[in-house]
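Please model the entire structure based on the sequences and the hints provided.
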Amino acid sequence: MAANQLPQGISAEAFAAACDEMRGVVGNEWLIRDNVQHLNSYRDTYSPGDIDATAPSAAVAPKDVTEVQKILAVARKYKIPLWTVSTGRNYGYGGAAPRKAGCVVLDLKRMNRIIEVNEKHAYAVVEPGVSYHELYQHLKQRDIKLWPDPAAPAWGGVLGNTADRGVGYTPYGEHFTVQCGMQVVLADGTVVETGMGSTANASTRNLYKYGHGAWVDGIFTQSNFGVITQMGVWLLPEPPGYRPYMVTFPEEDDIHQITELVRPLKISMLIPNAATTVGLIWEAAVKVSKAQYYTGSGVMPDSARRKMAADLDIGNWNFYGALYGPDPIMDNNWEVIKESFSQVPGAKFYFAEDRKGDAAFDYRAKLMRGIPNMTEFGLLNWLGPGSHVDFSPMSPVTGDGALQQFHFMRDTCHKFGVDYIGEFLIGWRDMHHVLMLVFKRDDEAHKRVIKELFEVLVDEATSKGYGEYRTHLDYMDKISGTYNWNNRALARVNEAIKDALDPDGILSPGKSGIWPRKDRDA
Amino acid sequence: MSTRRGFLASTLAVTTVPLVARAGVLSDAPMVRIITESTCADTLRFAARFGIHSSVVGGDPAEYLFDLERDLRDHKIDLVYGLSRASTQFLVEQTALPHGYQFGYQGQHRYIKQRLLHSLSGTRESIDIVAGRLEWHTRPWAVELADALGVLGSSVAPTQHSEVSAASVIPKDSSRHLVSWLLRPVA
Numbered sequence: 021m022a023a024n025q026l027p028q029g030i031s032a033e034a035f036a037a038a039c040d041e042m043r044g045v046v047g048n049e050w051l052i053r054d055n056v057q058h059l060n061s062y063r064d065t066y067s068p069g070d071i072d073a074t075a076p077s078a079a080v081a082p083k084d085v086t087e088v089q090k091i092l093a094v095a096r097k098y099k100i101p102l103w104t105v106s107t108g109r110n111y112g113y114g115g116a117a118p119r120k121a122g123c124v125v126l127d128l129k130r131m132n133r134i135i136e137v138n139e140k141h142a143y144a145v146v147e148p149g150v151s152y153h154e155l156y157q158h159l160k161q162r163d164i165k166l167w168p169d170p171a172a173p174a175w176g177g178v179l180g181n182t183a184d185r186g187v188g189y190t191p192y193g194e195h196f197t198v199q200c201g202m203q204v205v206l207a208d209g210t211v212v213e214t215g216m217g218s219t220a221n222a223s224t225r226n227l228y229k230y231g232h233g234a235w236v237d238g239i240f241t242q243s244n245f246g247v248i249t250q251m252g253v254w255l256l257p258e259p260p261g262y263r264p265y266m267v268t269f270p271e272e273d274d275i276h277q278i279t280e281l282v283r284p285l286k287i288s289m290l291i292p293n294a295a296t297t298v299g300l301i302w303e304a305a306v307k308v309s310k311a312q313y314y315t316g317s318g319v320m321p322d323s324a325r326r327k328m329a330a331d332l333d334i335g336n337w338n339f340y341g342a343l344y345g346p347d348p349i350m351d352n353n354w355e356v357i358k359e360s361f362s363q364v365p366g367a368k369f370y371f372a373e374d375r376k377g378d379a380a381f382d383y384r385a386k387l388m389r390g391i392p393n394m395t396e397f398g399l400l401n402w403l404g405p406g407s408h409v410d411f412s413p414m415s416p417v418t419g420d421g422a423l424q425q426f427h428f429m430r431d432t433c434h435k436f437g438v439d440y441i442g443e444f445l446i447g448w449r450d451m452h453h454v455l456m457l458v459f460k461r462d463d464e465a466h467k468r469v470i471k472e473l474f475e476v477l478v479d480e481a482t483s484k485g486y487g488e489y490r491t492h493l494d495y496m497d498k499i500s501g502t503y504n505w506n507n508r509a510l511a512r513v514n515e516a517i518k519d520a521l522d523p524d525g526i527l528s529p530g531k532s533g534i535w536p537r538k539d540r541d542a
Numbered sequence: 010m011s012t013r014r015g016f017l018a019s020t021l022a023v024t025t026v027p028l029v030a031r032a033g034v035l036s037d038a039p040m041v042r043i044i045t046e047s048t049c050a051d052t053l054r055f056a057a058r059f060g061i062h063s064s065v066v067g068g069d070p071a072e073y074l075f076d077l078e079r080d081l082r083d084h085k086i087d088l089v090y091g092l093s094r095a096s097t098q099f100l101v102e103q104t105a106l107p108h109g110y111q112f113g114y115q116g117q118h119r120y121i122k123q124r125l126l127h128s129l130s131g132t133r134e135s136i137d138i139v140a141g142r143l144e145w146h147t148r149p150w151a152v153e154l155a156d157a158l159g160v161l162g163s164s165v166a167p168t169q170h171s172e173v174s175a176a177s178v179i180p181k182d183s184s185r186h187l188v189s190w191l192l193r194p195v196a
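Taken in order, these protein sequences are the chains called Z and C. When we follow the working numbering, the leftmost residue of the first sequence carries the number 21, and every step to the right adds one. When we follow the working numbering, the leftmost residue of the second sequence carries the number 10, and every step to the right adds one.
Just so you know, not all the hints are guaranteed correct.
Counterexamples of contact, computed for chain C against chain Z with all Cβ distances above 12 Å [said to hold, decoys possible]: (1) A57; (2) D83; (3) S174; (4) S177.
DSS-like, lysine-lysine: derived pairs with alpha carbons at most 25 Å apart [what the hints assert, rightly or not]: (5) C/K181 - Z/K376; (6) Z/K327 - C/K181; (7) Z/K460 - C/K122; (8) Z/K386 - Z/K376; (9) Z/K471 - Z/K484; (10) Z/K327 - C/K122; (11) Z/K460 - C/K181.
Worth flagging that the hints you see were computed from the coordinates, not collected in a lab. Here a beta-carbon is modelled for each residue, glycine too, at the ideal position from N, C-alpha and C.
So this is what it looks like as structure tokens:
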């Protein structure tokens, strides 16, 4: 690794002075510059690209809003760009690393208070440093019958994941849909409460999202217009019953019929949770490695795939859902769901008692039950010491859309000698198709293949009308560039807001392709 | 060279198993966190060397990772080492880095065409110790590795690389690829 760069256009003397002032705000321990090991933890070691291109110059970790305001004042004074992270564990999308080398990471992990849990109205208010694990433990230790909706990794931040429009697996799986109320610090230090929170003695701050007039919460997600310091999230009341299930399907092209069958079940909420249709290798790789079935080069051949599927008693597609509610309701819903999926030849049905000792079923069952865990990281052993970037286009919930996406993404991967490792997450009216591009962390040639493949996938998806919902640091500009209808009208709106709220361009430059004026001009 | 004289706890990826310290533990012994998994015969042999005989099937690192972070933050651990899948090593590394830890030794252990290849990184001294054990072993290699790691406490950042290989039958349950490591705080 090369030495860490200074922020662009900032002299060593000015940077040292800025660091001294920030140190004066947070204390010596929390201005991280000389502690190489600690500073390295802010690098994107998961990246297939050049990690020096996103290396921070330092990190600063305030403990409260007052310290955030003081840090922002220093940043404005010296024109130091900051890169805001919550828990900074968003590996696969960049971790804690900034989009641009030299930024100072504004690490909010010390702001880790659970401000409120309201049992009556089923919500929590959290600071940025609260992880899913911590919120879950907080509820469990107090025997509060409310469930969080965790993203797959337990160390992910509740606020950060919601702000990045991440998803989970319970009926509250679309996280931004169940967000209500924000506190945001603007670049000039102004603290803003959104929605009902801006009324005097606000009694519905975390109950009614919209308030009066323009509703602005959305502009602070996947963006760089402010620093979110509190967020309300609705929690799912524990249902009287819970039964996770899995349905396996034998053929690759079954994804068409599966998706057609799921759509009415989802829209009518007979399947209430954020259900997933998981591809063969994603399902298998938590438990086995590729080398156990195939030691040749390139894509795993069909014969080996079928052997692996048979050994593990899984399908080419594996649908996960859950029943929630009193037994009569679950029994009734299951009859409808089973009857629907039985139309697919070879469909097989499993409950928890049928999959004892199955690590893949176990972690999915936990996620759909609101229990955070870390099992999914096992996927990265597919090739040995692995890493990943995710390509995640949106799709309508149609068989044609699913099959078209699956075919072109699988075939493109195979042209590059890369296994298709994907899943479809079905939301309210959409599907997130997540393609996990796993690569060997210590193989530079393999990383180059993945980078080239990613570029081709973006171009191909765009030409077919599919946009990505979220992406890694290295691809933010490229994906942003695909949202270009009417001469970049949406991008120009974002730039106008950026220039108005952050004229010095100190907050997360380049986040989601939104650059401050000085960087655009350069 | 420090010796493995005490244990705070030991962990399987699937369950936390309190470890009874061996006889002769000294009060000022370095506190060592050992992390392994019940994924295959090799890791179970490694675990058994430390008195762990559990083989609960599962595999959620969340069951120990947050406790590890708390103990690292509270300076309750001097060394962390283990034998595991690579993903587990990554999680432990990312947990330990912010607390000033870095690798003093790393090994990759791969079954390739009826051979077992060990790729080692560390100081010359640490490589000699580990390689010597793995090259001339009479007991299962994971047992030799467990004993070797116990004497690497004074290692510094990896500076040398070495490979050792031997003919080997591939265990039926093997993932074909494991990693071993030692993390220590930077002075």
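Evaluation of the provided hints:
no., hint, in the structure
1, A57, "20 Å, holds"
2, D83, "14 Å, holds"
3, S174, "16 Å, holds"
4, S177, "14 Å, holds"
5, C/K181 - Z/K376, "21 Å, holds"
6, Z/K327 - C/K181, "15 Å, holds"
7, Z/K460 - C/K122, "20 Å, holds"
8, Z/K386 - Z/K376, "13 Å, holds"
9, Z/K471 - Z/K484, "20 Å, holds"
10, Z/K327 - C/K122, "20 Å, holds"
11, Z/K460 - C/K181, "24 Å, holds"
Hint violations for this structure: none, all hints satisfied.
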